[in-house]
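S.K.: The chain contents come next:
Number of protein chains: 2
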Amino acid sequence: MPPTITAFRQSPDRGRGLARDMPVRWALEEVGQAYDVRLVSFAALKEPTHRALQPFGQIPTYEEDGLVLFESGAIVLHLAQTRAGLLPADPAARARAIGWMFAALNTVEPVVWDYDMTPMFERDKPWLDARMAMLAARVDARLRDLAARLGDASWLDGPFSAGDLMMVSVLRRLGGSDLLAAHPRLVGYVARGEARPAFARAFAAQRAVFEAQ
Amino acid sequence: MPPTITAFRQSPDRGRGLARDMPVRWALEEVGQAYDVRLVSFAALKEPTHRALQPFGQIPTYEEDGLVLFESGAIVLHLAQTRAGLLPADPAARARAIGWMFAALNTVEPVVWDYDMTPMFERDKPWLDARMAMLAARVDARLRDLAARLGDASWLDGPFSAGDLMMVSVLRRLGGSDLLAAHPRLVGYVARGEARPAFARAFAAQRAVFEAQ
Chain A
395 MPPTITAFRQ SPDRGRGLAR DMPVRWALEE VGQAYDVRLV SFAALKEPTH
445 RALQPFGQIP TYEEDGLVLF ESGAIVLHLA QTRAGLLPAD PAARARAIGW
495 MFAALNTVEP VVWDYDMTPM FERDKPWLDA RMAMLAARVD ARLRDLAARL
545 GDASWLDGPF SAGDLMMVSV LRRLGGSDLL AAHPRLVGYV ARGEARPAFA
595 RAFAAQRAVF EAQ
Chain B
395 MPPTITAFRQ SPDRGRGLAR DMPVRWALEE VGQAYDVRLV SFAALKEPTH
445 RALQPFGQIP TYEEDGLVLF ESGAIVLHLA QTRAGLLPAD PAARARAIGW
495 MFAALNTVEP VVWDYDMTPM FERDKPWLDA RMAMLAARVD ARLRDLAARL
545 GDASWLDGPF SAGDLMMVSV LRRLGGSDLL AAHPRLVGYV ARGEARPAFA
595 RAFAAQRAVF EAQ
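Those protein sequences? They're chains A and B, same order as listed. Numbers in the working numbering are just positions in the first sequence, counted from 1, shifted up by 394. Numbers in the working numbering are just positions in the second sequence, counted from 1, shifted up by 394.
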């Protein structure tokens with residue numbers, strides 16, 4: 395039995411691949427692991443059946459032989475630690491690659507998420523423009539630091555890893571924005587991630603959910 | 395040579411143990427690993443010497459036999475994976491415990507951080523009160539879900555793990571707030587974490603930095 399993941403039944407981003415099943419699908423494709431998908435409606439997310447798998451009522455979840463996992467970062471790390479293809483063999487390089495996963499999720503994503511979601515959550519607030527300027531400056535500071543570390547390398551630390559997979563996934567939320575465009579090295583970095591065949595397969599799979607609506 | 399971590403030279407929270415060296419110190423104490431600390435001034439954080447270790451100019455970092463790590467989550471996970479005491483032996487239980495680390499850092503911390511930091515970052519803004527009400531509601535939703543999952547258990551999934559260490563560390567930022575007090579199960583959970591001898595040693599060590607100022 396292949397593992398089963400959950401994803402939104404109604405794509406909230408119209409198939410742009412920004413929901414959190416996308417990095418999990420991408421990781422599954424990178425390691426060559428077939429998988430099943432169970433689609434969950436927004437209403438069903440909050441039901442006890444789903445909360446038994448995901449206490450915060452979110453997607454994705456991951457079920458495999460009695461193991462139940464949630465949190466996209468945890469699922470990607472589990473796949474990377476149990477299959478070849480997403481982490482280097484050398485223990486120090488492996489620890490550093492995992493470090494980039496945490497940097498993506500705990501240092502870069504919170505500011506990117508705020509910048510991306512605030513126009514929706516606070517669209518009717520008189521302070522929206524003033525706050526967006528603050529949030530843009532916060533994102534830009536992170537991107538500047540990240541671009542400086544990346545330099546002219548293809549990936550953050552040697553070959554493509556689960557760290558790059560998570561970082562590209564986070565940066566995709568800024569795709570097409572002036573904020574990202576101001577950092578050509580990061581534009582190239584995201585493009586390299588999106589050019590990977592495993593990314594393309596994962597993207598097409600989540601897009602098919604939207605197109606079938 | 396024991397590993398060396400970095401911490402703030404000037405404690406920004408007056409020794410309350412909310413800076414990110416605290417979970418790393420706590421993990422080091424839980425696994426019984428001696429360590430050295432190098433204190434870094436706010437100015438030095440942004441210097442090339444420190445940025446070579448930490449590209450975003452933050453603390454903590456971790457250096458050991460040529461390995462350099464940053465991100466408190468990554469350092470705690472590295473300690474948990476290379477020493478006994480913070481992760482169960484069973485692979486499925488181990489994956490779930492690591493899942494709680496990601497839940498702490500990517501699902502709970504972003505909303506807690508916003509709630510805790512906004513009064514400082516936006517203290518002079520006319521919208522502060524209105525936003526704080528929104529942020530409190532977001533935190534409360536997470537706490538409600540977390541308390542429901544914890545139930546009457548002592549820890550989130552079996553014995554104390556690195557997942558509990560990170561979750562308690564995140565919740566401590568709400569210590570003494572009405573938001574946390576509204577969830578007695580979580581108050582008890584944080585108190586159990588703080589009662590651990592390893593926590594007490596780590597807390598005293600970071601407090602000594604403040605008291606020496």
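Check before you lean on any hint, since a few could be wrong.
Identical copies go unnamed one by one, so any copy, or any two together, can satisfy a pair.
Each computed SDA-like pair below joins lysine to any residue, with the alpha-carbon atoms no more than 25 Å apart [to be verified]:
{"#": "1", "residue 1": "K519", "residue 2": "A541"}
{"#": "2", "residue 1": "K440", "residue 2": "Q427"}
{"#": "3", "residue 1": "K519", "residue 2": "D508"}
{"#": "4", "residue 1": "K519", "residue 2": "F597"}
{"#": "5", "residue 1": "K519", "residue 2": "Q475"}
{"#": "6", "residue 1": "K440", "residue 2": "L529"}
{"#": "7", "residue 1": "K519", "residue 2": "L433"}
{"#": "8", "residue 1": "K519", "residue 2": "A592"}
{"#": "9", "residue 1": "K519", "residue 2": "Q607"}
{"#": "10", "residue 1": "K519", "residue 2": "P397"}
For the record, the hints were derived by calculation from the structure and aren't laboratory data. The structure presented is a predicted model; accordingly, all values stated were derived computationally and were not measured.
S.K.: Under the constraints set out in the numbered hints, which ones does this structure not fulfil?
M.R.: 1, 2, 4, 5, 7, 8, 9, 10
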